[in-house]
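**Q** Add chain B to chain A, keeping to what the hints say.
Those protein sequence lines, which keep their order, are chains A and B. Mind the numbering: the first sequence is residues 1 to 96 in the working numbering, read in order. Mind the numbering: the second sequence is residues 1 to 436 in the working numbering, read in order.
Warning: the hint list may mix true and false statements.
[To be verified] The following residues of chain B were derived to be distant from chain A, with all beta-carbon distances above 12 Å:
1. P48
2. P93
3. Y222
4. Y297
5. T298
6. T371
7. T400
8. G411
[To be verified] To spell it out: a stretch of chain B is covered by chain A in this simulated footprint if at least three of its residues, at any positions, have a beta carbon under 8 Å from a beta carbon of chain A; those stretches are:
9. 2 to 9
10. 23 to 33
11. 65 to 79
12. 116 to 128
13. 231 to 244
14. 320 to 334
15. 374 to 388
Calculated directly from the structure, the hints in this document are not laboratory data. Being a predicted model, the structure only gives us computed values, none of them experimental. All C-beta atoms in this analysis are idealised placements derived from N, C-alpha and C, irrespective of residue type, glycine included.
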Amino acid sequence: MDGRLRVHDPRGYPPRVTGKRLAERLEALDGKRIYLVDCLFDNSAAFMEQLRRWFAEHLPAVEIRTITPRESWVDDPEMRARVVADGDAAILGVGL
Amino acid sequence: MALEASGVPTVAVHTHVFEKLARSVARMNGMPTTRQTFVPQPIVDRSPSELRGYVEGTDPVSGRPFMQEVIEGLTRPLDGEDLNGVSFERSTPRLLEPDTEENLQQLFLDNHWTDCLPIVLPTDERVARMLAGTSHSPDKVVGRLRPANFREFWELTVEKVAVNAVMAGARPEYFPVILALASSGVTARSSSTTSIATLSLVNGPIRHEIGMNAGIGALGPYNHANATIGRAYGLLSQNLQGGSVPGDTYMGTLGNWYATSATFAENEERSPWEPFHVQHGFGAHESAVSVFFGGWYTQAGFGPRETWQEKFKHCIAAAEHNFAPLLVLDPIVARGFVERGFETKQKLSAWISERCLLPAREYWDNQWTQTLAHPLAVAGVEPYATRLKAEPDELISVFTPDDVKIVVAGGEAQGAWKMFGASYRGKATISVDAWR
Numbered sequence: 001m002d003g004r005l006r007v008h009d010p011r012g013y014p015p016r017v018t019g020k021r022l023a024e025r026l027e028a029l030d031g032k033r034i035y036l037v038d039c040l041f042d043n044s045a046a047f048m049e050q051l052r053r054w055f056a057e058h059l060p061a062v063e064i065r066t067i068t069p070r071e072s073w074v075d076d077p078e079m080r081a082r083v084v085a086d087g088d089a090a091i092l093g094v095g096l
Numbered sequence: 001m002a003l004e005a006s007g008v009p010t011v012a013v014h015t016h017v018f019e020k021l022a023r024s025v026a027r028m029n030g031m032p033t034t035r036q037t038f039v040p041q042p043i044v045d046r047s048p049s050e051l052r053g054y055v056e057g058t059d060p061v062s063g064r065p066f067m068q069e070v071i072e073g074l075t076r077p078l079d080g081e082d083l084n085g086v087s088f089e090r091s092t093p094r095l096l097e098p099d100t101e102e103n104l105q106q107l108f109l110d111n112h113w114t115d116c117l118p119i120v121l122p123t124d125e126r127v128a129r130m131l132a133g134t135s136h137s138p139d140k141v142v143g144r145l146r147p148a149n150f151r152e153f154w155e156l157t158v159e160k161v162a163v164n165a166v167m168a169g170a171r172p173e174y175f176p177v178i179l180a181l182a183s184s185g186v187t188a189r190s191s192s193t194t195s196i197a198t199l200s201l202v203n204g205p206i207r208h209e210i211g212m213n214a215g216i217g218a219l220g221p222y223n224h225a226n227a228t229i230g231r232a233y234g235l236l237s238q239n240l241q242g243g244s245v246p247g248d249t250y251m252g253t254l255g256n257w258y259a260t261s262a263t264f265a266e267n268e269e270r271s272p273w274e275p276f277h278v279q280h281g282f283g284a285h286e287s288a289v290s291v292f293f294g295g296w297y298t299q300a301g302f303g304p305r306e307t308w309q310e311k312f313k314h315c316i317a318a319a320e321h322n323f324a325p326l327l328v329l330d331p332i333v334a335r336g337f338v339e340r341g342f343e344t345k346q347k348l349s350a351w352i353s354e355r356c357l358l359p360a361r362e363y364w365d366n367q368w369t370q371t372l373a374h375p376l377a378v379a380g381v382e383p384y385a386t387r388l389k390a391e392p393d394e395l396i397s398v399f400t401p402d403d404v405k406i407v408v409a410g411g412e413a414q415g416a417w418k419m420f421g422a423s424y425r426g427k428a429t430i431s432v433d434a435w436r
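The following block holds chain A by itself, in its conformation from the complex:
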């Protein structure tokens, strides 16, 4: 092959990406219940507390609740169900 080599691609097989839509946004936050989801990284609770205080001072008509999953980095279906059942929106932090 005129000194050229044919070699294998070393990469694996990625799954197909399937598009998902975002949830409808809120028209306004007043009167709504927002869950602050503390993802349990070290000191993230302290950050979420400052976020809660900011809402209390600047947007007191928004109801803020803080919630945590059972473990770090693991999906917690029970916590998620609670947010879906009685939350209007969620803010996740801090971390992936």
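**A** Frame of chain A, contents of chain B only:
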């Protein structure tokens, strides 16, 4: 993203160094327009007033007020891309376009498909020779790997593992060991910010069949099988899980030298104790490989001397408690412990668990203990719940007897031992024979 899919408008807050990774994860989940906001790194060790400054400050990625980004993330009407997400195939070709050896070496390097050392190019002929090292068909799915819990799994086949084994310079007779590692589900290229490596241990007759070194220099670059099996495990992990690129699919802040190659064999013949794989359900006549996730701290010593108990207590106190110790003892040291009444590895592990204690306040004042163990303790999961109940100055055990793993290796040139932060998690001993 699961909340969005359930109809809850959501904003995610990250520190700014994770921007690229956060956007990549969102895209690969089909939601590239996931509303993301950013605060400066770090969060850890920042005071409440500093964190308040983050909240009232500017998003370092967008340059706009952070809270404005949060509020708009929850209220800004959706556009077309928000509604549809993005769908696409990401197939990879089986073969690359033909090119010269020099150009292909450069291509592999530029695409982050290597460990930055020259590789053996995986020609069809070489891959076919590697495949002859197993009875399994090339298209058999070996398992799945991913660089972190929140990333997607990629599937890997026997042929793709063979390609990476060739690149590492491995020989076909090593291939069953490499396939066993690939099937473990444990990556050797974790993307953790904490800079993880995965150490692997080979036991059983395969050690001699492929000429592994468990004697002098057992943990060093002095044996072809040891070195290339470890390298293959790293290469197959990065290429078959979707990459290990700094700042994108790898976030280990310091990196880890052990990630280059860290496979070794137990010196079963010179050990006074049961081989590691026999401790974990295999027969002595069977071959198996075990993986240890971490590669954090390394401590070392000699003996056991008169003050060995104090030395071990100091080492355990200095250990990062998220990763249990893997003790690798030269046979001289192992026999020294037998002479002191430790007739089994389990007895020494139990002594370390029961006697190497730490004040509770020191145990809990740790970033990863707080992140990983504290939520479990609050949820009542043992042994963390008991540790959380302890008074701050109360001495507590930080590793269970089962956490502390012991292996014998080395060539009796010195009574040396090493203690690595590398946890044996889950079912982490895998049959090599099943991959012959």
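**Q** If a hint holds in the structure, say so; if it doesn't, say that too.
**A** These are the hints, each one checked on the structure:
1. P48: P48 (chain B) not clear of chain A: closest Cβ-Cβ about 6 Å, inside 12 Å.
2. P93: 5 Å, violated
3. Y222: Non-interface label stands for Y222 (chain B): nearest chain A Cβ at 27 Å, farther than 12 Å.
4. Y297: With a cut-off of 12 Å, Y297 (chain B) remains clear of chain A, as the shortest Cβ separation is near 19 Å.
5. T298: Check passes; 24 Å lies beyond 12 Å.
6. T371: 5 Å, violated
7. T400: Label holds. Min Cβ-Cβ 18 Å, cutoff 12 Å.
8. G411: Holds: least Cβ distance 35 Å, greater than 12 Å.
9. 2 to 9: n = 8 at 8 Å, threshold three: holds.
10. 23 to 33: holds (count 7)
11. 65 to 79: holds (count 8)
12. 116 to 128: With 5 residues closer than 8 Å to chain A, the stretch 116 to 128 of chain B meets the three-residue bar; holds.
13. 231 to 244: holds (count 5)
14. 320 to 334: violated (count 0)
15. 374 to 388: holds (count 4)
Violated hints, listed in ascending order, are 1, 2, 6 and 14; each of the other numbered hints is respected by the structure.
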